[in-house]
Amino acid sequence: KNEVEQSPQNLTAQEGEFITINCSYSVGISALHWLQQHPGGGIVSLFMLSSGKKKHGRLIATINIQEKHSSLHITASHPRDSAVYICAVSAGSQGNLIFGKGTKLSVKP
Amino acid sequence: DSGVTQTPKHLITATGQRVTLRCSPRSGDLSVYWYQQSLDQGLQFLIQYYNGEERAKGNILERFSAQQFPDLHSELNLSSLELGDSALYFCASSPRPTGYGETQYFGPGTRLLVL
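The listed protein sequences derive, respectively, from chains A and B.
The first sequence begins at 1 in the numbering used here and counts up one residue at a time.
The second sequence begins at 1 in the numbering used here and counts up one residue at a time.
Careful: at least some of the hints might be erroneous.
In silico lysine-lysine, DSSO-like type, Cα no more than 27 Å apart, as pairs [to be verified]: (1) A:K55 to A:K101; (2) A:K101 to B:K9; (3) B:K9 to A:K104.
Derived by calculation from the structure, the hints in this document are not laboratory data.
Computed from a predicted model, the values in this text were never measured in an experiment.
Taking the hints into account, I'd like the entire structure generated from these sequences.
As structure tokens, then:
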């Protein structure tokens, strides 16, 4: 079993829909990261959080430390949100990143 | 643009060969990380440097080595290349090491194809 599990693996949505991507982890962490990988391959860090909730524009990330679970929400989705969203946790004594397999999101106009 | 640069963008080579990937971190960042992204394994942490010193190792093969130079740029050396080494190699940087709650800034990656 992977230490970081994401669901769903693939997600297709219509423009304007509310989207939720889930991440569960099985190890102790110091922080959880949400990353976005564009079709061209580039990776952008969206959020880093260790508790509670963060919001940036139409993106919201939440984390429940007790349940070892995080969600990434996208409100009013747009085709430009189409990308792979990757959950990663900082774990271990050095806090190195362990990655989920990613969720491929496609938003149709 | 994250401010992290990687060269080359693409690299095609043959099995058994040796290549060097280069990374320049964001201005002011002392930590550099190397990651490998393959189709079957996803993203994996390889190695971390902080201010010239190796700080942590992940799933890095013995055929691979890295270093961080006094000007803080880093190089990842891959030798005796195998077909399975074909992957995207990312470099990332942050002001301080992981464990201090730092966001990492990723470079554009080097796409390596071993034929």
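Status of each hint after checking the structure:
Simply put, A:K55 and A:K101 have alpha-carbon atoms about 23 Å apart, close enough for the 27 Å limit, and the pair holds. With a C-alpha separation of about 23 Å, the suggested pair A:K101 and B:K9 falls inside the 27 Å cut-off, and the hint holds. A C-alpha spacing of about 23 Å is found between B:K9 and A:K104, which places the hinted pair at or below 27 Å, so the restraint holds.
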